[in-house]
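According to UniProt numbering, the residues represented by the sequence shown are 1 to 165, in order.
Just so you know, these hints were derived from the structure itself, not from any lab.
Derived Cβ-Cβ restraints for the label pairs, each shown as a range:
hint	residue 1	residue 2	range
1	His150	Thr111	31 to 37 Å
2	Glu144	Asp53	35 to 41 Å
3	Thr111	Ala83	30 to 36 Å
4	Glu149	Glu85	20 to 26 Å
5	Gln112	Glu148	33 to 39 Å
6	Asn95	Ile13	37 to 43 Å
Every residue gets a Cβ at the ideal spot worked out from N, C-alpha and C, and that includes glycine.
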Amino acid sequence: MLKLKNLLINLLIVILIVLVSDLTFITQAKAVTQNFQWTGSTGYCAKATFTYDETTATKIISEQGAGRTNQLKSLIVTFYTPAGETIHQYENVVNGETRGNYFEFNFDTATQKLFGNIDLGGELSGELFLKGTVNQQLSLIEIEPSGEEHLIDTDAVVSFAAEKN
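Make a model of the complete structure from these sequences and hints.
Written as structure tokens, this is what we have:
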């Protein structure tokens, strides 16, 4: 009986050692926060902040449409007048869930640059959104009560200032 008890104690010690050593190898999530800014030709501005988990992110972060995101954890975009006054702020991604049907976002984690098509901001009457192709043409657009889109600002050559926090 004493041998069985010693065997069980030794077995439990081995199991605990294995469990503790496994816990040390679990990768901790590392949230990365990125900021970027776009300024149109007439001075309107869009500033955005987004986060993703660096430990699980792929080289390319590409998100589109509503629902659960693949990589992004959050994305907030704020639009400003040429005088620097806030017009609107939108939380396009919250806790890994996109809040818009037209949302589109592409980011290269290796180069730390946006690329391709983006569509950020609102979707309803009276709201603003930034849409277009990075480094080609992006436009700040307001949705009229009629549903028509009204161009507020655009820039034929776009450069994004992105910074990692």
